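**Student:** Here's the letter readout for the chains.
Protein chains: 2
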Amino acid sequence: MEELLFDTPVAVVDLDKLEKNIEQMAALCRARGIALRPHIKSHKIPEIALAQLKAGAIGITAAKLGEAEEMARAGVKDIFIANQITGPAKLKRLAALAAGIKLSVGVDSWRNARELDQIARETGLVLDVLVEIDTGLHRCGLEPGPQVIELAKKLRERPSLHLKGIFTHAGHAYGARGPAQVEEIGRDEGQVMAQLARQLKAAGTPVEVVSVGSTPTARHAAQVPGVTELRPGNYVFYDAIQLALGVAAVGNCALTVRATVISRPAPDRAVIDAGSKALNLDKGAHGASLVRGFGIVLGRPGLTIERLSEEHGILALDPAEILDVGDVVEIIPNHACTVINLFDTVLGTRKGKAAEVLRVAARGKSR
Amino acid sequence: MEELLFDTPVAVVDLDKLEKNIEQMAALCRARGIALRPHIKSHKIPEIALAQLKAGAIGITAAKLGEAEEMARAGVKDIFIANQITGPAKLKRLAALAAGIKLSVGVDSWRNARELDQIARETGLVLDVLVEIDTGLHRCGLEPGPQVIELAKKLRERPSLHLKGIFTHAGHAYGARGPAQVEEIGRDEGQVMAQLARQLKAAGTPVEVVSVGSTPTARHAAQVPGVTELRPGNYVFYDAIQLALGVAAVGNCALTVRATVISRPAPDRAVIDAGSKALNLDKGAHGASLVRGFGIVLGRPGLTIERLSEEHGILALDPAEILDVGDVVEIIPNHACTVINLFDTVLGTRKGKAAEVLRVAARGKSR
Numbered sequence: 001m002e003e004l005l006f007d008t009p010v011a012v013v014d015l016d017k018l019e020k021n022i023e024q025m026a027a028l029c030r031a032r033g034i035a036l037r038p039h040i041k042s043h044k045i046p047e048i049a050l051a052q053l054k055a056g057a058i059g060i061t062a063a064k065l066g067e068a069e070e071m072a073r074a075g076v077k078d079i080f081i082a083n084q085i086t087g088p089a090k091l092k093r094l095a096a097l098a099a100g101i102k103l104s105v106g107v108d109s110w111r112n113a114r115e116l117d118q119i120a121r122e123t124g125l126v127l128d129v130l131v132e133i134d135t136g137l138h139r140c141g142l143e144p145g146p147q148v149i150e151l152a153k154k155l156r157e158r159p160s161l162h163l164k165g166i167f168t169h170a171g172h173a174y175g176a177r178g179p180a181q182v183e184e185i186g187r188d189e190g191q192v193m194a195q196l197a198r199q200l201k202a203a204g205t206p207v208e209v210v211s212v213g214s215t216p217t218a219r220h221a222a223q224v225p226g227v228t229e230l231r232p233g234n235y236v237f238y239d240a241i242q243l244a245l246g247v248a249a250v251g252n253c254a255l256t257v258r259a260t261v262i263s264r265p266a267p268d269r270a271v272i273d274a275g276s277k278a279l280n281l282d283k284g285a286h287g288a289s290l291v292r293g294f295g296i297v298l299g300r301p302g303l304t305i306e307r308l309s310e311e312h313g314i315l316a317l318d319p320a321e322i323l324d325v326g327d328v329v330e331i332i333p334n335h336a337c338t339v340i341n342l343f344d345t346v347l348g349t350r351k352g353k354a355a356e357v358l359r360v361a362a363r364g365k366s367r
Numbered sequence: 001m002e003e004l005l006f007d008t009p010v011a012v013v014d015l016d017k018l019e020k021n022i023e024q025m026a027a028l029c030r031a032r033g034i035a036l037r038p039h040i041k042s043h044k045i046p047e048i049a050l051a052q053l054k055a056g057a058i059g060i061t062a063a064k065l066g067e068a069e070e071m072a073r074a075g076v077k078d079i080f081i082a083n084q085i086t087g088p089a090k091l092k093r094l095a096a097l098a099a100g101i102k103l104s105v106g107v108d109s110w111r112n113a114r115e116l117d118q119i120a121r122e123t124g125l126v127l128d129v130l131v132e133i134d135t136g137l138h139r140c141g142l143e144p145g146p147q148v149i150e151l152a153k154k155l156r157e158r159p160s161l162h163l164k165g166i167f168t169h170a171g172h173a174y175g176a177r178g179p180a181q182v183e184e185i186g187r188d189e190g191q192v193m194a195q196l197a198r199q200l201k202a203a204g205t206p207v208e209v210v211s212v213g214s215t216p217t218a219r220h221a222a223q224v225p226g227v228t229e230l231r232p233g234n235y236v237f238y239d240a241i242q243l244a245l246g247v248a249a250v251g252n253c254a255l256t257v258r259a260t261v262i263s264r265p266a267p268d269r270a271v272i273d274a275g276s277k278a279l280n281l282d283k284g285a286h287g288a289s290l291v292r293g294f295g296i297v298l299g300r301p302g303l304t305i306e307r308l309s310e311e312h313g314i315l316a317l318d319p320a321e322i323l324d325v326g327d328v329v330e331i332i333p334n335h336a337c338t339v340i341n342l343f344d345t346v347l348g349t350r351k352g353k354a355a356e357v358l359r360v361a362a363r364g365k366s367r
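Heads up: the protein sequence lines correspond to chains X and V, in order.
Read in our numbering, the first sequence has 88 at position 88, and its numbers run on one by one without any break.
Read in our numbering, the second sequence has 248 at position 248, and its numbers run on one by one without any break.
Everything labelled a hint here was simulated from the structure, so no lab data went into it.
Just so we're clear, the structure is a prediction, and the values are computed from it rather than from any experiment.
Keep in mind that a hint or two might mislead.
If you anchor each label on the Cβ, the simulated ranges turn out as follows [as the list claims (entries may be wrong)]: (1) X:I322 <-> V:E150: 38 to 46 angstroms; (2) V:P319 <-> X:V328: 53 to 61 angstroms; (3) V:E143 <-> X:E143: 54 to 62 angstroms; (4) X:Q195 <-> V:V357: 43 to 51 angstroms; (5) V:P159 <-> X:D16: 48 to 56 angstroms.
The beta-carbon is built from N, C-alpha and C at its ideal position, and this holds for glycine as well.
Build out the structure end to end from the sequences listed, making use of the hints.
**Tutor:** This is the structure we're talking about:
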């Protein structure tokens, strides 16, 4: 343990802040009577998923089958894969997983629905599905409208599939120009989904679950009547992009990367041992560039992480800054979810002291 | 094995192309009478390092101590860490590694040199060091000039340190506007280093090794008399950034990422199961933006990987393209070296058929 503490680059999680973040989102959902199903792609750590469940989450969300398998192995019993699963190898794994836990999966095409139906029939399962809706991110999902009603109708005709509801991810909120626009996108996300659910019901399709959510939009979408479930992920940690969107304050940020100055080649330049293989190149999700540099150096406003190569971070210094080889800096990364995916373990701390080492068990589980 | 083949996203290495790339660089060095010490950060796979040695490399280069440890475990006996190693925990590991193999390490400050000297004295070692020179990347390293002569002189006064020579990395070649500028930077890199070596010798400091190299500049720097060693890394795979620099052709690219179409939500849009957690966000090293999109879809010029979120790649389609859910595409990534770091294993193929699974043993070894 001692060695890890001083060996950089290291991903550090402030466990007190983490627990506070987990509790605050749970409290928001309790207050609104909405189910919380946090997305674990942000942390990929079973212990954190279990803490989220303990705090009141009804289950978890995963992006990939491999993540879901890893979480099931750790004892999570209710998982939604908010993605399309296709192809024989993955469908076989999906069915095996569905046999052991309460599993649901996204669908946004009839072609994929038929694959899901077939594997469910072959394995004697009834597979829970949710139709993915595009509320503005323009990634996967059907646009709200008659095509959703039609797909829902066809899904209901298949006894091996159980249509639970609809889901969306308003990830375009990460392209917002500020908190007001984030709020607008969040409310719109909730309203579009609630209205679509009413239309589906009017067309004879029961809609048990209306699931929305991203960390920026969660609190706004939660205000909309008819929304039944939130799926934020990043809120366990927050990061510099969330700060830029006005979603959190520095004091909420639970994940940092600790790095060491390895070179001071010029008065206005220092180099740390964390590059893009520790901090990643994210400047703002989905193409936006919200932030200055590649992370916030805590307590050192005169330092800017100006460039990253793979294993080097190049810092620009205000002339007044004192920084020498061997000095350790602590960085709030731009995007916590992709940083986590670069580390096998994270160091859990309490009040700045090492408390435990957590394994990022679902790291790299992109299949 | 069969399952892996169809399960995407998967990193695929064409072993025939890989071997050809390894042999071509070895032949270039043989022809020039220059030592080859390839950088393994690009592949992080012991079997590939051993193949490079078998083809004539005199040793390998690593960016991090953890990478070097992993390669030593696999039987590599001569490793240069082209980086500054600082701090008690790492220096202890460095000494342990140096006791078992032929190890050399970079240095660019007197402060760091004293640390190296101390651990060498404490453990009874003589540590081989090379002074890092900044030939234009402006990352680590001393600018060529009297400060190098001075540091070299001080290093030679320490009996526990053995000054082997000087090294540089002209990574600013990745910011070049085209092949002509790449060539200019490469020749300049070699000439600056050769001249500095002459100055050092004139000042009484023997210079055994004058080490340069990046994949783009390697062939140009190798033309300069006085250069003794090349350290290219990426050439084992090449990638879309190398193509943009005119360094390689599509047929040389040995690493691809295979992905599956999971959604076809609009006529001009498809979504694949490879996002930034499989392809990374690189658009060109060191801040340049050399390429269109986030990789080249092989054989499909009508497809552009326009956006990446963590687990989704969003493709823009020419209207004439036919692409459906379940279709598999093969992508030359923008930057092979960071893609490799996202996968635990890669699938080795020969003539399109699965041949072996290679473990990316040094993946994530950023400490």
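**Student:** Against this structure, judge whether each hint is valid.
**Tutor:** Now the hints, each set against the structure:
no.: 1; hint: X:I322 <-> V:E150: 38 to 46 angstroms; in the structure: violated (23 angstroms)
no.: 2; hint: V:P319 <-> X:V328: 53 to 61 angstroms; in the structure: holds (54 angstroms)
no.: 3; hint: V:E143 <-> X:E143: 54 to 62 angstroms; in the structure: holds (57 angstroms)
no.: 4; hint: X:Q195 <-> V:V357: 43 to 51 angstroms; in the structure: holds (49 angstroms)
no.: 5; hint: V:P159 <-> X:D16: 48 to 56 angstroms; in the structure: holds (50 angstroms)
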